[in-house]
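*Asks:* Each chain, letter by letter, is given below.
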Amino acid sequence: MVRALVLRVLRALGTAWLIASAVFLLSRSLPGGGPHLFTDERAGTFGQQTTAEAQYQRRLELQTPLFYFRLLPGRWYGTPNQYHTWLGQLSRGQLGQSYRDDVAVTEHLAQALRLTLPLTVSALCVAAGLGLLLAQCAARRPRWYRWLLSAAYFLDSLPLFVIGMVLLLLLANPDFLSLLPAYGLPADYSAAGALSWSAVPYFVLPVLALTLSSLPALLLPLMGALREQWQQPYMVTARAKGVSPRQAGWRHALPNAAPVFITRLADLAPGVVAGAVVIEVVFALPGMGRLLAEAAAARDVPVLVGGVLLIAAVRLLAWLLADVANALLDPRLL
Amino acid sequence: MSRWLAGLWLLALLLAAAWAQFGPAAGQPAPLNLEQLSHPPSAQHWLGTDPYGRDVLTDLILGTRQLVIISLPAALLASALGAVLGAAAGYWGNTGVRLRTSAAVVLLIGIVGALVTEPAEAGWWLLAAAGLSACTYASFLPATTLALPLDWAVLGAAAWLGAVPRLVLVLSLVALHAPAGWWLVSILTLTCWPSTARLTRTLVQQLRQRPYVEAGRAAGYSTGRLLWVHLAPNVWPSLRNTLPLNLSICLGLQTTLGFLGIGLSPDQADWGLTLANARLEPGAWWLVLSGLLALTCTMAAIYHLLPASDAGLAHLPTASTAADVTNSQQISTSIEQ
Amino acid sequence: MLRFAVIWGLLSGILGLTACSPSSSPHSASAPTVRVCWPRDPESLNPVTLPNAYAVQANNLLYQSLLTVDGPTRRHVPWLAADLPAVEHRDSLTFLHYRLHPQATWDNGTPILAQDVVFTLKVLNCPGLPNESLRGLVSFIRDVQTDAADPRRFTLVCRGYAPEYRDNSGEFPILPAYLVDPQARLRSVPLQQLTQADSSVASVAAVQTFQQEFNQAARWRDPRTLRGSGPYQLAGWQAGQQVTFVRKPRWWADGLKPATPALTANPGRIEFHVVPNPATALLALRRGELDVYPNMPGPDFARLKTSDSSSFRFYSPASYRVVVLEMNVQQPALRDARTRQALALLVDYDRLLRATQYGQGQRTTGLISPREKWVYHDSLPLRPYAPAEAATLLQRAGWQRGPDGWRRAGQPLTLRLFYSASDRTYATVALLFQQSARQIGLPVTLHPTEAGQLSELRRNGEFDLSLRTLYGNPFAYDLRPLLHTGSIGSGGANRSRFGNAASDRLLETIYATEDSVSKARLLRRLQTLLYQEVPFTPLFFEPNRLAVSRRFAHVRPSGLEPGYDLPSFTLAPAQP
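Chains as they are written, first to last, in this note's numbering: chain G, 1 to 334; chain E, 1 to 337; chain V, 1 to 576.
The set of hints was computed from the structure by calculation and includes no laboratory data.
Quick caveat: nothing in here was measured; it's all calculated off a predicted structure.
Check the hints yourself; a few may be wrong.
[Stated by the list, open to error] DEER-style ranges, computed between Cβ atoms: (1) Phe22/E to Arg335/V: 20 to 26 Å; (2) Pro31/E to Asp175/G: 29 to 35 Å; (3) Ala104/E to Arg335/V: 37 to 43 Å; (4) Phe22/E to Leu321/G: 51 to 57 Å; (5) Arg351/V to Phe22/E: 29 to 35 Å; (6) Gln362/V to Leu115/E: 41 to 47 Å; (7) Ala104/E to Phe69/G: 56 to 62 Å; (8) Gly93/G to Ala205/V: 28 to 34 Å; (9) Asn33/E to Ala572/V: 38 to 44 Å; (10) Gly402/V to Phe22/E: 18 to 24 Å; (11) His84/G to Ala217/V: 20 to 26 Å.
Idealized CB from N, CA, C, for every residue including glycine.
Generate the whole structure from the sequences, applying the supplied hints.
*Replies:* This is the structure:
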């Protein structure tokens, strides 16, 4: 069992590496290729631009070939190449430096995660807790069930930016209710590094938006599963034996409905590190989503690939964990 | 009753699409009116105007053409692709499909050969490889076999699609070919299938252990028959829920693409673009509301019009729970956008 | 019920917390805090990199250059230099004689001397540093001659002659050697060795060690090493969120009398808040969480002006940014100037100005801002919106109108219009142009494109029409990067691929002419040429839309980037 688990973890990490490699090669094939010093808005001195651009490419070591070989038609380059350098860094636990400011990618990721993790983890926890509570309430009350079902479907169809903007316009609007700060974080937030209470009001709106958007994902399947369990004969027996409805719901129905819930949680888990660009843009938070989106726009390949590697690893491990948890609950699945 | 309404709505959509395609205004986008940017609903503009001064109602009606040509086929294809891949991954797992080692070697050589030579000769390499690998099955080469890690490949591909930032993925796909018509449909299909696949995989994995499937296998039924006759009816109720949701995922992606400026140009009316325009003008509630309303109605109509589950459901105690799993597959994607 | 009580308790707790948390930073009457909205992070504060306008703005608080631009008067004024330089030509060389401000000192009290200028030029020319764009800017400086008698006097020796040398020679930030190179590794390397084009200097051991020390990213985020002779020091930088500067308690220019605008620094604290979403920024501004909102979107500006004019002042000086519709003159269909002239008549300029700029902005006949009256060619007529005339011009260019559009020698006339996606102004222009073109039966397809991809397409000339914003200034009329044939492709920014030997000669003459009368005459000739040849048609000059809280006075708005003068801000006297 343990050996199989270790093997599967290794395979997941290997897959994450394959995914990141594919992104590494893919991002260089994008139109516009690598980063450029001069854009249409920023022209160089007349007669100097080509030289400056070449110096820039040389400093970032973008002139070495991308990979060991080229396809269509084939040609062998061997080392040194950019991928080989990246791989060497990866084996030493580094992810290289950003093209834009020479800061280590790991530092960029750590800084973004310091903001993204509290945000997404609290949103996921609140959504999971609220989902459990609401699903339990709704499972044995058909009226609640119908009402919650339509509410969840409605929430589900709202784009994230609509949720964010509606919350902003309702709760941080000088014309309406000006209760919470509209954007950002207190100035001392990332300097302190730890969660301080003064940051809590700044987190309320983004967490609320993320919770609302991920609630249906957890609520709908769990509600269905619990309702299904309530119609099973064993629940009728339990109720006949005099178990209170609340106890029956938590002790008997929930364990049987759990796999669905676990699968959904595992699907949402990568979002915890990937962040949510839309919410980060609306509430001006420098999280993981914005980091990766900006890196992609600026063709900052090291940051991009580092982020993809992290997200892919978390996603695969979360799926693995869900598979294991489901197998523990239902051994036929392994 | 609800099915009647649903049919009526879809018929109206089709008529609108036909009107947009063949009507007097065919190929003509809604006219710009720069004197009336972002006006709320009025007698003149029943659903208001967008940030470019176009009538939202006209825009939505013209948008049905793209809906019928692009979004619906993409949602359909994504569901089909997801179902097939998921079913294969769930049914055969990592060990179920085996390939002759010799055939695998020949195929591998063919693919590598195709990649390293000039593009013009690639086809010949592949053709030769396919022919030779077929020959290895016919001849009496050693019959050692190699397991094809199907489950790993499907999940890995899904994880890859989930991990790659949308911008990178879509840009590289667009770099291969300008995003017109069928290519847009394939981009949408390629990016939207994973949720369906993961669901189908879980369902099939559960079902293939059921006694009646084991019995079928013991009775010597072919794999195709088992999958089609015995597993498919039980998976259907869940898939029935995914199809409408895939439509909203596709439209959501089109919104994102519209915002990145990839895909449809802003003169082509499209529901995804209507929603994307709402981002320009957050105060314009009528834009969001009318776009969402049209989308929700369409999703509900499709849901009601799909044939309901048949008798196969009896075998499957957890069918409805699994069905609800799909209801919210799109959330994880919406978080990642 | 209990659960709801708990939730309600939590909520009211949170709300209570906001109520008591201080919503704004403390103000002192003489040194107020100014909070400015930025749409993006400066990305790097390294004084030799300066990747974007925000980094430049931040750097001007930390470092000083020899000269600076005074926004409202649109002139170069001395900053670290005592006066504007004296210019002298000898042989094929130009000599710029500078004297540094006698009171200028670094933060450690040592005076700023000619040696620091030499050191700065060494750093800017040192290979392997992220200084590629600044290196191009100072490439005309060959050597620095110092004066043995006065350590503050020095002479820049420049190759050849151009009138722009005077302004350009004062534009790079002067770096403190004691912080940037504490081990004095570059002292032994002569400047002339570094300015030489060959790469032998990269293998000098001292240079390599300096490269390693300089390229440590952490030191360009550290307030102790990231400091120059400017009035402010970095107080904190949360990437993607906020950059904060505080006034140095003692700055060398504090005691100067009389204080020039360039050498004043009133705010005690300057915070730049990164708010990428315009709607959020607008809310924050109205709630008093921000004080200055530069480059506001037009619709927001117009709305705020009607709703909140009691708490904000609004400025919209015309900027030097001009939006143009560029045409690829090398496309076969667009080679004939008459075709391009016809397309220029299909833009409904006045309606566009109303719809996108809300009545502000300024129409123009060419690239040069109408504000610069001495060079602006005002006798050229503004191009009208005239679809009928456009059709006539197309016919004259050989196009025949048929039932399926325009054709010439069997080739149909269809045009692809590229522009940067998710830009509302461009989208409006594109949609309106398409609509007017359709009226005369000309099909135009719209291609909103992602910025990186668009740059690549433009560089390779794979477009017919494109929308672009050109950034100008009132000082330099070196239009070679934009119009010279040598700037086509990766050599510059000539995306319309316009030019011939004659136009190249004209551009070079303009660059080399000092006398303002003949310069104005030549520039008028160029404007006429561009007006006839239409490599692009200018749509309008954008205004610098700026909203500032009424608490502040001395905003000194200007059309030049960034459009306001932060160091001169003071608290406005209390209003009755």
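*Asks:* With reference to the structure, classify each hint as holding or not holding.
*Replies:* Right, here's what the structure says about each hint:
In this structure the hint that phenylalanine 22/E and arginine 335/V lie 20 to 26 Å apart at CB is violated, the actual value being about 38 Å. Restraint check, proline 31/E to aspartate 175/G: a C-beta distance of roughly 33 Å satisfies the suggested window 29 to 35 Å. For alanine 104/E and arginine 335/V, the Cβ-Cβ distance of about 56 Å falls outside the hinted range of 37 to 43 Å, so the restraint is violated. As the Cβ distance of phenylalanine 22/E to leucine 321/G is approximately 54 Å, the hint placing it in 51 to 57 Å holds.
Our hint of 29 to 35 Å for arginine 351/V and phenylalanine 22/E holds, since their Cβ atoms are close to 32 Å apart. Between glutamine 362/V and leucine 115/E the Cβ separation comes to about 57 Å, which falls outside the hinted range of 41 to 47 Å. At roughly 22 Å, the beta-carbon separation of alanine 104/E and phenylalanine 69/G lies outside the given 56 to 62 Å, and the hint is violated. Between glycine 93/G and alanine 205/V the Cβ separation comes to about 30 Å, which falls inside the hinted range of 28 to 34 Å.
At roughly 41 Å, the beta carbons of asparagine 33/E and alanine 572/V sit within the given window of 38 to 44 Å. Taken as a hint, the range 18 to 24 Å holds for the pair glycine 402/V and phenylalanine 22/E, whose Cβ atoms sit roughly 22 Å apart. With their beta carbons about 23 Å apart, histidine 84/G and alanine 217/V fall inside the hinted range of 20 to 26 Å.
The structure fails hints 1, 3, 6, 7 (numbered hints given earlier, in ascending order).
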